[in-house]
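Engineer: So the chains spell out like this:
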Amino acid sequence: MTERWPITGVGAVASVGRTAEEIFESLCAGRTGLAPMREFTKDWYTAGELYEIQADTKDAAGQPSTAQRATGFLLDAVAQALADAGMDEDLGDIPVLVGTGLRELRSVERWWRDGDPLTAAGLHFGAALRERFNASNTHTFSNACSASLYALSLATDLLADEAGPEVVVVAGTDSITESMFGIADRVQSVPPGAVRPFDRNRMGTILGEGAAAVVLRRAPRDGAAPRGWVRGVGVNCDAIHATAPDAGMIAQVMRETHRRAGVAPAEIDLVMLHGTGTPANDLGEAQAMGEVFGEDVTSPVMTAMKSMTGHTSGGSGLHSLITALGSMRTGRIAPTITLDDPMDEVETFRIVRDKEASAKVSLAQINAFGFGGINAVAIVEAAS
Amino acid sequence: MTTSVTSSAVITGVGLALPGVDSAKDLLSTVDPAPEPVDPAARIGKKGLRYKDRATQLGLVAAHDALIAAGLLDGHGLKTSLKVAPEEVAVVVSSNFGNLDSVVEVVDTIAKECSSRLVSPIVTPNLSSNIVASEVAIRYTLRGPNLTVCNGATGGLDAVGWALSWLRAGRARYVLVVGVEPDNPVVRKLVGGDRVLDGAAALVLERPADAAEREAPALAECVRAVRTSSVAACTAALTAGGERPAAWYLPEGGAEVDQELLPGADRLDLAPVFGTTSGALGVLQLASAAGRYQTGERGPVLAVCGAEDDGVAGVLIRPGQD
Chain A
1 MTERWPITGV GAVASVGRTA EEIFESLCAG RTGLAPMREF TKDWYTAGEL YEIQADTKDA
61 AGQPSTAQRA TGFLLDAVAQ ALADAGMDED LGDIPVLVGT GLRELRSVER WWRDGDPLTA
121 AGLHFGAALR ERFNASNTHT FSNACSASLY ALSLATDLLA DEAGPEVVVV AGTDSITESM
181 FGIADRVQSV PPGAVRPFDR NRMGTILGEG AAAVVLRRAP RDGAAPRGWV RGVGVNCDAI
241 HATAPDAGMI AQVMRETHRR AGVAPAEIDL VMLHGTGTPA NDLGEAQAMG EVFGEDVTSP
301 VMTAMKSMTG HTSGGSGLHS LITALGSMRT GRIAPTITLD DPMDEVETFR IVRDKEASAK
361 VSLAQINAFG FGGINAVAIV EAAS
Chain B
1 MTTSVTSSAV ITGVGLALPG VDSAKDLLST VDPAPEPVDP AARIGKKGLR YKDRATQLGL
61 VAAHDALIAA GLLDGHGLKT SLKVAPEEVA VVVSSNFGNL DSVVEVVDTI AKECSSRLVS
121 PIVTPNLSSN IVASEVAIRY TLRGPNLTVC NGATGGLDAV GWALSWLRAG RARYVLVVGV
181 EPDNPVVRKL VGGDRVLDGA AALVLERPAD AAEREAPALA ECVRAVRTSS VAACTAALTA
241 GGERPAAWYL PEGGAEVDQE LLPGADRLDL APVFGTTSGA LGVLQLASAA GRYQTGERGP
301 VLAVCGAEDD GVAGVLIRPG QD
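Going line by line, the protein sequences match chains A and B. Quick note: the first sequence, position 10, residue 10 per this note's numbering, numbers continuous. Quick note: the second sequence, position 290, residue 290 per this note's numbering, numbers continuous.
So that you can see chain A by itself, here it is in the shape it has in the complex (with noise of 0.2 Å):
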């Protein structure tokens, strides 16, 4: 029998919302977290928009700050994936595995230009887990946008394991830099109006921010239905190019996915797209995706919740994993809200549009790639 895990909790934050629940009903709405900035210097830049956090976050001692947002955001959704699986806050030797694109730089230039404080620890998350969880097996993963489930695949080897843990928090964080802002506002000499995954006018993506976890055991605890089990999740690199994706090295990971999870194309209900508005990513997911898929492409419905919280970098694919595991416990699709002139090749995909659809999810699939050509793939089985 193939290996499964379940997943006991989730925990989310986005500029659509501030719980996994909100998260999910603003997706479902159809509601856009892109406003005016917040962060930066609005007189530098061509571009005056992104999908920012529009709250201030709370430090490890749990009081407001503006600063070391990447980890206040992180510190929220851990407690709330804690919370969500009956966990107390203590966590000792419990793994935390915590993928991010962009971990504290955002403090760094904040430090470096601004005279704001930093230390080396500051870079990394474990000394704020450590303070505020107790927890002192953390791990903090610069794995770009595909940080999240990367962490989830090393999640994953630990649990098979024999001599491993029982239980494991896998989390993904980002806050925006404005290195990374910047140098999309240079390359963007018209800023998009939005992100617009696989639109045939998409203009490249927008920067987002926030985090997620889950809790991920062993097997279930005693008379607790979990939120859903993760299959399996494939991983592995192009080493073709620093930032271009490769469909081909894309698809393989598909399919090692498909394998170690056991299900074939057909089987899957959903998938959640990277889709990050990007001429050359949602091409090569495009591609992919056709060549993996073949004729059950049409199968699935599919969704890019990118259209809504802007590119969300390292905590991305834990984001569009929570989302997935909100379509299996109530039927909903969100829509994806910005594709409206599809571009050939997804062109018998289901993506839904418009306003958010119907549909029973049992097995859901969730892509993430990132700079470097590093590929993530999850599938995620729905509770029942």
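For the record, the hints were derived by calculation from the structure and aren't laboratory data. In this text the structure is predicted, and so the values were computed from the model without any measurement. One thing to keep in mind: the hints can contain errors.
[As the list claims (entries may be wrong)] The following label-pair restraints were derived from C-beta to C-beta distances:
(1) 358/A to 75/B: 52 to 62 Å
(2) 192/B to 61/A: 53 to 63 Å
(3) 241/A to 263/B: 45 to 55 Å
(4) 75/B to 116/A: 44 to 54 Å
(5) 208/B to 244/A: 30 to 40 Å
(6) 160/A to 236/B: 22 to 32 Å
(7) 354/A to 309/B: 26 to 36 Å
[Stated by the list, open to error] Below, in silico cross-link-like pairs of lysine-lysine (DSSO-like), each with a Cα-Cα straight-line distance of 30 Å or less:
(8) 83/B to 112/B
(9) 189/B to 112/B
(10) 58/A to 189/B
(11) 25/B to 83/B
(12) 112/B to 42/A
(13) 189/B to 42/A
(14) 52/B to 83/B
[Unchecked claim] Selected chain A positions facing chain B (Cβ under 7 Å, derived; list incomplete):
(15) 47
(16) 108
(17) 109
(18) 113
(19) 120
(20) 121
(21) 127
(22) 130
(23) 143
(24) 144
(25) 179
(26) 203
(27) 236
(28) 349
(29) 372
(30) 374
Heads up, the beta-carbon is just placed ideally off N, CA and C, and yes, glycines get one too.
Once you've looked at the hints, dock chain B against the given chain A.
Structural biologist: This is chain B only, laid out in the frame that chain A set:
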């Protein structure tokens, strides 16, 4: 409180890009108080290094030498070829300060111009902290799992721990582990000191049976990797099987470690040689341990890294061929 990983792996190749050090045997000795910085172009040719940040260049050099030493790579410069299937080789890089220079340069440029106009798009990949791991994979065509650990003081040994996990899970047959930190004004300001490593070390790890099958030299064996909440808990966990280490590598700030711990084991400290080594330390420790065994030492050795307000990682090492 301890989390332990028990399956072992052997080190079959070591690569170094370190100022003043030619061989793993020399890692603990202060050969030259003011060595010349590593010149990556002199080591692997200047082609392919343009626009790469310092950490990436150092990482490429160490990775090259480790892959060659392990017998996985042929050739030199840009004309190298991998001798095994690309999907079988995974990469894990530990670095904390790797791309800080690229990040602050962009925000400085923007503030000076009050515009993003003069920022060069060529630096885009350098703004993501996984740049070293992705460039190493691209240059040597390594298509297995690719991970960047930015985990503070434990990072180098954590990278080794994840390599063991991949080998155990069957996600890779060979894992290239790289620890790298660059020296520049941003790093010096952040750590509050001017003795900062500007270098990299790399290891190739694989299962003992795989190394034996292809007759690769087992330089050292990583028996066990643990994560704990303190240095004392770490040394206790690593010696729980009754091992009596001949020596142990101290974490950064090792001078402050309790003198009562592991009586009889030599204390090995890389800080006097290299200064602050941060995410590279754990990889340097294992490279050095492999070097000790080349000189005929036989006793087990512990490597310990970490900070007690975060977490502590350790690895138990013994000679590769008993």
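Engineer: Could you tell me which of the hints above the structure violates, numbers in ascending order?
Structural biologist: Numbers 2, 7, 8, 15, 26, 28 - these are the hints that the structure violates, sorted from lowest upward.
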